[in-house]
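Could you build all of it, start to finish, from the sequences and the hints given here?
Spelled out from the first residue to the last, the chains are:
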Amino acid sequence: RKEVEQDPGPFNVPEGATVAFNCTYSNSASQSFFWYRQDCRKEPKLLMSVYSSGNEDGRFTAQLNRASQYISLLIRDSKLSDSATYLCVVNIGSNTGKLIFGQGTTLQVKP
Amino acid sequence: NAGVMQNPRHLVRRRGQEARLRCSPMKGHSHVYWYRQLPEEGLKFMVYLQKENIIDESGMPKERFSAEFPKEGPSILRIQQVVRGDSAAYFCASSLSRGPYEQYFGPGTRLTVT
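Residue numbers (our numbering), protein chains in the order written: chain A, 3 to 113; chain B, 3 to 116.
Note that these hints are calculated values from the structure, not bench results.
Quick caveat, the model's predicted, so the values are computed rather than measured.
Treat the hints with care, as some may be off.
Each computed BS3-like pair below joins lysine-lysine, with the alpha-carbon atoms no more than 25 Å apart [unchecked claim]:
(1) A:Lys-47 x A:Lys-4
(2) A:Lys-44 x A:Lys-4
(3) A:Lys-4 x A:Lys-112
(4) A:Lys-100 x B:Lys-46
(5) A:Lys-44 x A:Lys-112
(6) B:Lys-29 x A:Lys-4
(7) B:Lys-64 x A:Lys-100
(8) B:Lys-64 x A:Lys-47
(9) B:Lys-73 x A:Lys-4
(10) B:Lys-73 x A:Lys-44
(11) A:Lys-100 x B:Lys-73
(12) A:Lys-47 x B:Lys-29
(13) A:Lys-44 x B:Lys-46
(14) B:Lys-46 x B:Lys-64
(15) B:Lys-53 x B:Lys-64
(16) B:Lys-29 x B:Lys-73
(17) A:Lys-47 x A:Lys-81
(18) A:Lys-100 x B:Lys-29
(19) A:Lys-47 x A:Lys-100
(20) A:Lys-44 x A:Lys-81
(21) B:Lys-46 x A:Lys-47
(22) A:Lys-4 x B:Lys-46
(23) A:Lys-47 x A:Lys-112
So this is what it looks like as structure tokens:
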């Protein structure tokens, strides 16, 4: 079983749609959670950290369910510029900087 | 506020040559991480360094690969006697401190072994 699992997609949605991505992680000791965005052949860019209480940044909302070891990302009012691969990322513990990446979910927003 | 810098951006090496990849962290960051992304695969952790120390090298191949982060100057990822399977994008990230702090990535070095 992969340490971080994501549906690879692709998700093809029209502009203005709401889309949700899910992610599960296997290590219950995981402490920090993030969503990164990666455009084709470029570096991952931090989209947002994910907190137990859930957090929102503009059109983006992230949720964490520790009991189910499940993370989600909701994108409202999709823009063409949201087209990218979204990476679910987990950090195991406070003494290691090692990030574990999911394979990514590809989003294509169409006009 | 300069971000993480990596050079070269593209590197071509013949089999058996050495590759040296450089990374300068964001200003104020003293923790550096190297990740590798093979074609059509996800990012995989290689090594975590702090100034003059290797903290976690659990993702480094046992042979031919080494990393350092000297007191002065950039972090270096060194690959000796490259093989075709080393062709990949190598990304460096930095953070303010260890653990849960966000990591910010550089643009990567794309290594092609011919």
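Is the hinted pair Lys-64 of chain B and Lys-47 of chain A satisfied, with a Cα-Cα distance of at most 25 Å?
-> Status violated; Cα separation ~29 Å.
Within 25 Å, alpha carbon to alpha carbon, are Lys-47 of chain A and Lys-4 of chain A?
-> With Cα atoms ~22 Å apart, Lys-47 of chain A and Lys-4 of chain A stay inside 25 Å; holds.
Restraint check for Lys-53 of chain B with Lys-64 of chain B, where alpha carbons must lie at most 25 Å apart | Distance ~22 Å between Lys-53 of chain B and Lys-64 of chain B Cα, so the pair holds.
If you draw a straight line from the CA of Lys-44 of chain A to the CA of Lys-4 of chain A, is it 25 Å or shorter?
-> Since the Cα atoms of Lys-44 of chain A and Lys-4 of chain A sit roughly 24 Å apart, the hinted pair holds (cutoff 25 Å).
Pairwise hint evaluation, Lys-4 of chain A against Lys-73 of chain B, where the allowed Cα distance is 25 Å at most = Violated, at about 37 Å.
Sort out whether Lys-4 of chain A lies within 25 Å of Lys-29 of chain B, counting only the CA atoms.
-> Distance ~34 Å between Lys-29 of chain B and Lys-4 of chain A Cα, so the pair is violated.
Quickly compare the C-alpha distance for Lys-4 of chain A and Lys-46 of chain B to 25 Å and report which way the hint goes.
-> holds, 12 Å
Taking 25 Å as the top limit, are the C-alpha atoms of Lys-46 of chain B and Lys-47 of chain A close enough?
-> holds, 16 Å
Would you check the hint for Lys-73 of chain B and Lys-44 of chain A, treating anything up to 25 Å between C-alpha atoms as holding?
-> violated, 29 Å
Is the Cα-Cα distance between Lys-47 of chain A and Lys-81 of chain A 25 Å or less?
-> holds, 17 Å
Between Lys-100 of chain A and Lys-73 of chain B, is the straight-line Cα distance small enough, at 25 Å or below?
-> Holds, at about 22 Å.
Take the C-alpha atoms of Lys-44 of chain A and Lys-46 of chain B, compute the straight-line distance between them, and say whether it is at most 25 Å.
-> It holds: about 15 Å lies between the C-alpha atoms, which stays within 25 Å.
Violation of the numbered hints given earlier is confined to hints 3, 6, 8, 9, 10; the remaining hints are satisfied by the structure.
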